[in-house]
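What follows is each chain in one-letter form.
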Amino acid sequence: MEKSTIVCRCEEINIEEIELAIKNGARTFDDIKRLTRCGMGPCQAKICMNPVREIIATYTNTPLEDIPPPRLRMPAIPVRLGALANGVEDFKESSIASVFGESVEDGDEQNDESV
Amino acid sequence: MEADVLIVGAGPAGISAALTAEKFGAKVILIDESFSPGGQLRQQTQYFSNLPTGYAPDIGLKVIETLIKHLYASSVQVYTNHTMIGAYKNGMIGVTDGNKTFPILARANILAPGAQEEAKIFPGWTLPGVMTAGAAQILINRESVLPGKRAVMIGTNNFAFTVAKQLHDCGVTIEAFIEEKSQITCSDGILRDELKHVPVWTESTVQIAQGTGQVERVSVHTPEGRKEIDVDLICISNGFTPILEPFVIMDCELTYKKHLGGWVPLYNEKLQTTNPSCFIAGNAAGITDLGPILLTGEIAAISALEEIGILNSEEAEIERRKRWLELEKLENTAVCQARKNLIASSRSRQSPLTKSK
Amino acid sequence: MQIHIHPVLGEKFTEEVTFYFNNKPLKAKKGQTVAAALMANGIRNLGTSRKFLQPRGLYCATGRCMSCFVTINGVEHVLSCMTLVDEGMKVFPSNEDPDPGSEINGS
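Chains as they are written, first to last, in numbering that gives the first Met the number 0: chain Z, 0 to 114; chain F, 0 to 356; chain B, 0 to 106.
Read the hints as simulated data drawn from the structure, not as lab findings. Just to be clear, a hint being listed does not mean it is correct.
Cut-off 20 Å, straight-line C-alpha distance, at most; resulting in silico cross-link-like pairs (PhoX-like, lysine-lysine) [stated by the list, open to error]:
#, chain 1, residue 1, chain 2, residue 2
1, F, Lys26, F, Lys68
2, F, Lys148, F, Lys180
3, B, Lys50, Z, Lys2
4, F, Lys339, F, Lys328
5, F, Lys68, B, Lys11
6, F, Lys195, F, Lys180
7, B, Lys50, F, Lys61
8, B, Lys89, B, Lys29
9, B, Lys26, B, Lys11
Ranges of calculated distance between the beta carbons of each label pair, as one might list FRET restraints [said to hold, decoys possible]:
#, chain 1, residue 1, chain 2, residue 2, range
10, B, Met0, F, Glu179, 26 to 36 Å
11, B, Thr47, F, Asn98, 43 to 53 Å
12, F, Lys180, B, Met0, 25 to 35 Å
Where a beta carbon is used, it is the ideal one built from N, C-alpha and C, also for glycine.
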């Protein structure tokens, strides 16, 4: 297929860019994400997840089952900041920060796997 | 908001789970991101006959209409336009209605987000007019809108033929099926026969889709050389894969099972994931047919009620076994076997899955 | 194009509404999504991609791909496949990134 074919619709990353990232050492979707922004647009890799995994599989000659999906982060869909902030004062257990899975006061907690 | 059981996703699995949990006396909240319940069954006009006891064979959207009628007659609290977007540190699921974000406190969660269609990339696949087969089916059967006049279908699986037939019945000309394999993969002989006038280009791939502002023509690599046709609709039917993000958010372990649709959350015979508070139902637990989808909803509900003590273990075990036996009868052998393998692999896994009773 | 008489479902929608796309009045059926209402009027190009400025339209119709973003009544990046059309609704294509500082996008 044409190397200029778009794989990630949101960030408009093509096959060539993904292959270049793999050539530079990327082995997982998350590696490719960090190097290219592939999968970091509004759909958050929901659509390109498997096309990218297939490219990694072909390029590195790895079975598809050995290539995990990318880390899917909160929020699961794009949310307006107003909607995210609105409603939290009603309950004490949490704050807007933990909606994102991150704690502002504590910094990066190593036990917070949901980050 | 508080409930015994929170169910995420009001498709057939979620509604089946909600009605089962309610029947056994649980207080249930059911949320769905769409403006109406029913999930992807809302646009299925084909006939479903392999259904569990208690269901009358009918076209998909009539099956779901009946379920929705029962749902609204029950005590289940249904919230449409509500999307699960995350989890709070204490394990509560965070939901937004677009205006505010809030937690739903439930003693057990059943996640039934369903499946999504696999993409298929080719030059020009981002053009307007290129869409999944499921999107075209939504347009004709749920929205009463024609997505185009002349179409090609990429893929020849059962769903590709189902949607092509429904598009054809609505007046869309299906110019060709484009299949990269050497033969048609659709196993439904009647369906294939109904569309035998449509050429099937095997060992073929899309070279490029082109057009100004939207798709106007498609070039296809075939063994006989390059074929170019004018189309205003390109449908992609490349199979389904479980929707994973609610499970990743809830820290559920994933595993790979090709026959279940790829990456799928790990679960035991109770349909309990590796997060003991989260149960799984429907296509998210492996791509399957409507009968098994409805049954997984019931099994997940029974297990969730056992987990929170509304059902005792003996009762739950009897109810669950009954449904597993029925599911085995209804489900495609390869899918059922993959499901058994998945459950078996969950047994060999260390706690908390095995620890939870 | 609207399907007036569906081969299986007959006439599904009856009530008509008027909405606007780029200020042009268009007819749709109450109960349809904005994406479908636009497609019924022959409008498939719903926006422009951010990097290469390529046309985008409905792709998954299930609220996952975000390709069908439009601006509705001043609110940018609204999923047209998940939003029901309403009388008097003002719809514009999604041609650039939203302004995060704007009053309406924040609230």
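Going down the list of hints, with the structure as the test:
no.	hint	result
1	F:Lys26 - F:Lys68	holds (18 Å)
2	F:Lys148 - F:Lys180	violated (26 Å)
3	B:Lys50 - Z:Lys2	holds (17 Å)
4	F:Lys339 - F:Lys328	holds (14 Å)
5	F:Lys68 - B:Lys11	holds (18 Å)
6	F:Lys195 - F:Lys180	holds (18 Å)
7	B:Lys50 - F:Lys61	violated (44 Å)
8	B:Lys89 - B:Lys29	holds (15 Å)
9	B:Lys26 - B:Lys11	holds (16 Å)
10	B:Met0 - F:Glu179: 26 to 36 Å	holds (31 Å)
11	B:Thr47 - F:Asn98: 43 to 53 Å	violated (28 Å)
12	F:Lys180 - B:Met0: 25 to 35 Å	holds (33 Å)
Comparing the model with each numbered hint stated earlier shows that hints 2, 7 and 11 do not hold.
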